[in-house]
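Participant: Counting in full-length UniProt numbering, the sequence shown runs from 1 upward without gaps.
To be clear, the hints were calculated from the coordinates, so they are not data collected in a lab. All C-beta atoms, glycine included, are put in the ideal place defined by N, C-alpha and C. Take these hints with a grain of salt, some might be off.
[Unchecked claim] Cβ pair distances, simulated, as ranges:
| id | residue 1 | residue 2 | range |
| --- | --- | --- | --- |
| 1 | 449 | 169 | 50 to 58 Å |
| 2 | 180 | 262 | 25 to 33 Å |
| 3 | 351 | 48 | 27 to 35 Å |
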Amino acid sequence: MKLPVIFTERMQRILGTEYAAFEKSYEQPRKYGLRVNTLKISPREFERIAPFHLTEIPWIPGGYFYEEQDAPARHPFYYAGLYYLQEPSAMTPASVLDVKPGDRVLDLCAAPGGKATALGAKLQGQGILVANDISASRCKALLKNLEVFGVPNALVANGIPARLQERFPEYFDRILLDAPCSGEGMFRKDADTIRAWYPDKPAECAALQRELILRAADMLRPGGRMLYSTCTFAPEENEEVIRFLLEQRPEMALLKIPRGPGRENFGPGLEGMEDCVRLWPHRLEGEGHFLALLEKQGQNAGLQEKGFPAQTGGKAPNREEKALLDDFFDALLTEAGKEKTQAGRLDVHAGQVYWEPEQMPAVPGIPFLRRGLYLGELKKGRFEPGQSLAMALQADACAARCDLPAEDERIFRYLRGETIEVGEKEASLSSGWLLVCAGGYPLGWGKLVKGKLKNKYHPGWRMRH
1 MKLPVIFTER MQRILGTEYA AFEKSYEQPR KYGLRVNTLK ISPREFERIA PFHLTEIPWI
61 PGGYFYEEQD APARHPFYYA GLYYLQEPSA MTPASVLDVK PGDRVLDLCA APGGKATALG
121 AKLQGQGILV ANDISASRCK ALLKNLEVFG VPNALVANGI PARLQERFPE YFDRILLDAP
181 CSGEGMFRKD ADTIRAWYPD KPAECAALQR ELILRAADML RPGGRMLYST CTFAPEENEE
241 VIRFLLEQRP EMALLKIPRG PGRENFGPGL EGMEDCVRLW PHRLEGEGHF LALLEKQGQN
301 AGLQEKGFPA QTGGKAPNRE EKALLDDFFD ALLTEAGKEK TQAGRLDVHA GQVYWEPEQM
361 PAVPGIPFLR RGLYLGELKK GRFEPGQSLA MALQADACAA RCDLPAEDER IFRYLRGETI
421 EVGEKEASLS SGWLLVCAGG YPLGWGKLVK GKLKNKYHPG WRMRH
C-alpha cells in the first residue's frame, strides 16, 4: 500500500520510534467487526445462536470480530437486526459516551447510522434520539438502519446544524459529534480514501469541524456531555479542534476518558491534550480514530423546553380510525405488544399512523424523515402494518406469527420477496396477518391465505444475493 509522502512525513514526526510499527500495520489485513443489538438480544444469547466464529473485541461490550468468509450480511439474523456490521474502532465513540435510558441524545452527523443505532440501543426505548445528517440521500440509509434495529424513539432529521442550534438551545443530555474528516485512519480499510486525500484536506475539514463543534456545544445542557470523534490522524482536525472549542466556550471542560480492562492500548492525545484518546492501528486490532469527551460546566436549571409546539403536523386518530387500529392490535398483539403503542401518542398524517414518545419535540423548519415509529397505513376500512413495526416487536409481543428455523430455505425465499408455503403447525393462525420470524426473531409481515403466505416484506429491503 503506497501512502502519500506528505502524510508519512507527518506521521514520522508524530510517532517517532513507533513509526516503523505503524507503517508495518498497513501490511496486515483489516479486521471485521459486528456489534450486537441489545434492543433485541443479549450478547451472551447471541454468542449461543450465532453461526459464525466470533472473538470478543476487548474494549467494546457486545462487540465481536468475525471472519470475512462467514459473510454475516447474508444471514437472516442480519435482516432481523440482531447486529450491525461496523469497523471495530468506529464502535468506540458510542461505547464511550455514557448514554442512559431517558436521556435526550443528539447524533449530529449520524448517517449511515452505525453510531446512532448504538445510541438508540443504549436508550432502550426511553428518552429521545435525534439522528441528523445534512445529506438527504444518506439520511435514507440512516432511517433504514434505525428501523432495522427497532429503535422506536428516534427523530431522523435532515437539518443544517445552524437551524438545529436555533431549535435546540441547551436541550440535550448527550451529544455525539462524529465529524466529517479527511479519513486518514481508514487508509488501510478503504484504498479509495487514499485517492480522495490531498495535502490541504485536513485544513479544509478542520474549518467545518470548528463550526460543528461550537454548534454542538451550544445545544448541550449544563452538566451534559459531548463526545467528539474523527477517523483521522491530523492534529488540526483533532487536538486543535478541541483546543479551539475550549478557548471559544470556556464553560466546556475536557474529561479524561476512562481506561481499564480492554482499553489498555488506548493512546493519549498529543500536544498537551493527553486526556483525549488516539486509537492506533499498530496498538490495537482496529483502524485509526480520535476521541475527546467533554462536559458543559454549570448548574442545570431544568431541560430547555422553549421552541417546541405541541402540534406534530398530523392528528390523533378519530373514532373510526381508532376502532380499526384497536381491532388490528387486539387480534395480533399480546398484552406486551399492546403496551408498545400505549405509552406514547398516536399521530395520523394522510392515513399514515405513527407512534411517538410523549416528549418527542415538534421542530418546524427542520426537514425530517421520521418522528417516532411508523406503525402502518389506514386503507379503505382496514389497517396494514408497516415493516418498521415488525422490526420493533419481539416475537412474544405478537400472538399471530409464523416462526421458521433461521436456516430454513423458505426464510431466504421470504427475504427475496417470494410467496412461501406454511404448514398448519408452523403458524399460530390459519389465515390473516402474521409476523414472520427466523429462529424466534421478527423479519417482517406476511398474509396467510389457504396455506400460502403472501409476502409483505419491504420491497426495498429484499435480499439481492
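Participant: Please go over all the hints and tell whether each is borne out by the structure.
Facilitator: The hints, checked one at a time:
A hinted range of 50 to 58 Å for the beta carbons of residue 449 and residue 169 is consistent with their spacing of about 54 Å. For the hinted restraint 25 to 33 Å between residue 180 and residue 262, the CB-CB distance of approximately 28 Å keeps it satisfied. Between residue 351 and residue 48 the CB atoms are about 42 Å apart, so this pair departs from the stated range of 27 to 35 Å.
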